[in-house]
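In the order they appear, the protein sequences are chains A and B.
Every letter in the first sequence is one number past the one before it in our numbering, and letter 188, counting from 1, is 188.
Every letter in the second sequence is one number past the one before it in our numbering, and letter 19, counting from 1, is 744.
Each hint should be verified, as a subset may be incorrect.
Said to hold, decoys possible - The list that follows gives simulated cross-link-like pairs (lysine-lysine, DSSO-like), each with its CA atoms no further than 27 angstroms apart:
1. A:Lys417 / B:Lys760
2. A:Lys655 / A:Lys560
3. B:Lys760 / A:Lys104
4. A:Lys224 / A:Lys674
5. A:Lys562 / A:Lys721
6. A:Lys449 / A:Lys495
7. A:Lys418 / B:Lys760
8. B:Lys760 / A:Lys423
9. A:Lys108 / B:Lys760
10. B:Lys760 / A:Lys52
11. A:Lys224 / B:Lys760
12. A:Lys79 / B:Lys760
13. A:Lys580 / A:Lys449
The set of hints was computed from the structure by calculation and includes no laboratory data.
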Amino acid sequence: MNAATQHVDLSSFVSTDKEDGNNTLNLTVEGMRCASCAWRIESALNSEQDVKARVNLSTNRLVLSWKGMKERGNALVVKATELGFTFAPFDPSQQNRSEAAEEKFLLKCIAVSGFAAGNIMLFSFALWFSTQASMGVGTRDLLHLVSALIAIPAIAYAGLPYFRSAINALRNMHTNMDVPISLAVILATGMSLFETLHHGAYAYFDSSTMLLFFLLIGRYLDRKARGKARAAAQDLLAMMQGTATIREGEKLRTLPIRDIMPDMQLIVASGEKIAADGIVTSGVSDVDTSLITGETLPQRAVAGQKLFAGMMNISAPLELKVSAASEQSLLADIVRLMENAEQGQAHYVQLADKVAGYYTPVVHILAAGTFITWLLLGLAWQKALLIATTVLIITCPCALGLAVPVVQVIASGLLFKKAMLLKSGDALERLAKTDTIVFDKTGTLTLGKPQLVTNGLYRMQDLQLAASLAAHSRHPLSRAICNAWNGEIIKLEVKEEPGNGVSALYQGKTIKLGRRGWCGNESATHDEALELWLNVPGSEPIRFIFTDALRPDAKQVIQKLKAMHFNIVLLSGDREPAVKSVATTLGINDFSATVTPVEKTERINALKTEGRNILMVGDGLNDAPALAAANVSMSPSTAIDIAQNAADIVFQGEKLFPVIEAITIARTSIRLVKQNFALSFFYNIIAVPLAITGNVTPLIAAIAMSSSSIAVIINAMRLNKVRTS
Amino acid sequence: MDVLLYLIPIALIIALIALGGFFWALRNNQFDDPKGNAERILRDD
Numbered sequence: 001m002n003a004a005t006q007h008v009d010l011s012s013f014v015s016t017d018k019e020d021g022n023n024t025l026n027l028t029v030e031g032m033r034c035a036s037c038a039w040r041i042e043s044a045l046n047s048e049q050d051v052k053a054r055v056n057l058s059t060n061r062l063v064l065s066w067k068g069m070k071e072r073g074n075a076l077v078v079k080a081t082e083l084g085f086t087f088a089p090f091d092p093s094q095q096n097r098s099e100a101a102e103e104k105f106l107l108k109c110i111a112v113s114g115f116a117a118g119n120i121m122l123f124s125f126a127l128w129f130s131t132q133a134s135m136g137v138g139t140r141d142l143l144h145l146v147s148a149l150i151a152i153p154a155i156a157y158a159g160l161p162y163f164r165s166a167i168n169a170l171r172n173m174h175t176n177m178d179v180p181i182s183l184a185v186i187l188a189t190g191m192s193l194f195e196t197l198h199h200g201a202y203a204y205f206d207s208s209t210m211l212l213f214f215l216l217i218g219r220y221l222d223r224k225a226r227g228k229a230r231a232a233a234q235d236l237l238a239m240m241q242g243t244a245t246i247r248e249g250e251k252l253r254t255l256p257i258r259d260i261m262p263d264m265q266l267i268v269a270s271g272e273k274i275a276a277d278g279i280v281t282s283g284v285s286d287v288d289t290s291l292i293t294g295e296t297l298p299q300r301a302v303a304g305q306k307l308f309a310g311m312m313n314i315s316a317p318l319e320l321k322v323s324a325a326s327e328q329s330l331l332a333d334i335v336r337l338m339e340n341a342e343q344g345q346a347h348y349v350q351l352a353d354k355v356a357g358y359y360t361p362v363v364h365i366l367a368a369g370t371f372i373t374w375l376l377l378g379l380a381w382q383k384a385l386l387i388a389t390t391v392l393i394i395t396c397p398c399a400l401g402l403a404v405p406v407v408q409v410i411a412s413g414l415l416f417k418k419a420m421l422l423k424s425g426d427a428l429e430r431l432a433k434t435d436t437i438v439f440d441k442t443g444t445l446t447l448g449k450p451q452l453v454t455n456g457l458y459r460m461q462d463l464q465l466a467a468s469l470a471a472h473s474r475h476p477l478s479r480a481i482c483n484a485w486n487g488e489i490i491k492l493e494v495k496e497e498p499g500n501g502v503s504a505l506y507q508g509k510t511i512k513l514g515r516r517g518w519c520g521n522e523s524a525t526h527d528e529a530l531e532l533w534l535n536v537p538g539s540e541p542i543r544f545i546f547t548d549a550l551r552p553d554a555k556q557v558i559q560k561l562k563a564m565h566f567n568i569v570l571l572s573g574d575r576e577p578a579v580k581s582v583a584t585t586l587g588i589n590d591f592s593a594t595v596t597p598v599e600k601t602e603r604i605n606a607l608k609t610e611g612r613n614i615l616m617v618g619d620g621l622n623d624a625p626a627l628a629a630a631n632v633s634m635s636p637s638t639a640i641d642i643a644q645n646a647a648d649i650v651f652q653g654e655k656l657f658p659v660i661e662a663i664t665i666a667r668t669s670i671r672l673v674k675q676n677f678a679l680s681f682f683y684n685i686i687a688v689p690l691a692i693t694g695n696v697t698p699l700i701a702a703i704a705m706s707s708s709s710i711a712v713i714i715n716a717m718r719l720n721k722v723r724t725s
Numbered sequence: 726m727d728v729l730l731y732l733i734p735i736a737l738i739i740a741l742i743a744l745g746g747f748f749w750a751l752r753n754n755q756f757d758d759p760k761g762n763a764e765r766i767l768r769d770d
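Bound conformation, chain B alone:
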């Protein structure tokens, strides 16, 4: 069961990174214009 001592923190850190990523995206207004952003990536310039 000792493996839990590594696995639990690793699982938590990975999940925390994902959570941090979501917060970062939200703060950078990436969810403000989903429709526009979806089209914007197809633009050439």
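Same shape as in the complex, but just chain A:
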């Protein structure tokens, strides 16, 4: 259960329909693993009166609508939260809606151009393979006219994405790939209509519709692969929505988090997230700081200690004196850092756009040159224009338009099979260029879960007692003890002492499990290992030792990465000794401990200005700005939401090997993309002279276009053969 959503007032996200009074709330769902989870949410909510819930499994979203009070939504969300899912409200923003509309429009264009191309092709086959003798001029003209009738409206509609973009480019006094495409399509159609009306032998309606069809497929795939831009800062802000409890004298008051001012007395119940930075004035508790510092273990919170917004209070109520309004909190700083980093990412120019930049002027010059040359050679302008048009059709970058998106789509499918989620297609390009990898420690190189060191160190009955006590605590170390013990548990009346540990009465004696200062042996040697003490009166206290285990293949992966000549850097918010021991075990020479989120980002930017291409791998909120700042980023699926949203690739499982796999796949992809470019150019070198000399018939154009597109697709399929191990 997530306390953050439980107490949040969602009514500001509810939109009410003015006509029927229905309230609608859009939520993102976390923790939904399969269809049956979705059904559980739906049936739980739909069983309520006048409530309609619909889960979208493809986007992990829930649309909730109900009649009556706006506030009823809160109760509904709490009910769904009790099923074990986390919900966060979101505003289906204008931008997303227009993106979805654009995607839909592209699909419609594909359908229309496919319809036109298919039907015209039916007639074209007859035209290609008949001679003057077998088909009369009348029949030929009829077939041409019917083709024109289909092609012209279809192109007027399906060509819109290109025409619009071309006009935009021309208006801004520059040119892009869509200019020659639009020119080719319009000229080919116009000249073909002219030829048809003058009983000409050749019409290129099939070419112009097929051209659009292939190009639109490329554009649609590109749109799909491009996917979500890294926009995690918004999600983070959503976390700061909601309310907090303030004590004024003897009175308690609830107010929105954004209205919290310095010097207010903030009450934080156990299980609640701290809403603003502040200093503890009363209460003793344990605080989960993992969101902010990335530390595995809860921190003991006592009076006088500074705590930060975003930390979770675990065991007992705390009272804080607010030191900064929520806009000035550390969390808000992180949001700003991320926004800056995300804006910086926008400047990346994709390979395809670079190629297009060189290709477009060449195409224009070739076509114009052909037209003028034929005119000078004394050809009628209609004939010369027709030849120039075939040059445009032939050079039109069908294969070029497919070269990148097909590879990206296949790569993303391949990564998905290897339990990695690729969030944006161009991340592959950036990943392939990586030369420096920056790792976070906790949860990234390690599993982020402390584990009991169990090599016969403890007696069974001690472990059983400890587990029986630990079963009543939510502390990660207690959990670890429970995980290590799979025998019977003794029934105990367990009392929790916030900040210290747990105790219980057992056979007339008080036994304790907790920190060294409370029930351990103070004089025992101090080392940096995580520990928990079991104290049974009348015998020596027993020390349980824990480690945050490294990912099982961490060492091999780091060694292999080093062998692949990557610079490896370890930046952790954890304490020096813990970081050092991990760095030594793994053989990482460049490491820093107690690094703040701001310092992480600064370090990444510094490396970037050195000209390095950085892959950041991290999982915590403290890593999120660094993930956004790096050239490309990965995070494990155990990472917090924000980090996953900031990352380009999310990988699942306990192994670190996906990092190598992703890099290998990315490098192969880019190699294939380059080969695809080469293929398209090669085909141009053969076809362009034919076009310039006026030897391209509609049949040759159709064969050239489809064969080059198919060649590019087949080449992209070779990605499936990539070996990563």
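Following the hints, position chain B against chain A.
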């Protein structure tokens, strides 16, 4: 060749029906949640 006068309109009408069907499906949000819809048909209620 007179048969063309029937066959061409028939071919076009059939294709237009298919195109209309696709547009109808798209407008009715049938492509919004392909994963969910694939699972939904297996549900009992």
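Verification of the hints:
no.	hint	in the structure
1	A:Lys417 / B:Lys760	16 angstroms, holds
2	A:Lys655 / A:Lys560	14 angstroms, holds
3	B:Lys760 / A:Lys104	17 angstroms, holds
4	A:Lys224 / A:Lys674	21 angstroms, holds
5	A:Lys562 / A:Lys721	25 angstroms, holds
6	A:Lys449 / A:Lys495	24 angstroms, holds
7	A:Lys418 / B:Lys760	19 angstroms, holds
8	B:Lys760 / A:Lys423	17 angstroms, holds
9	A:Lys108 / B:Lys760	21 angstroms, holds
10	B:Lys760 / A:Lys52	20 angstroms, holds
11	A:Lys224 / B:Lys760	15 angstroms, holds
12	A:Lys79 / B:Lys760	25 angstroms, holds
13	A:Lys580 / A:Lys449	18 angstroms, holds
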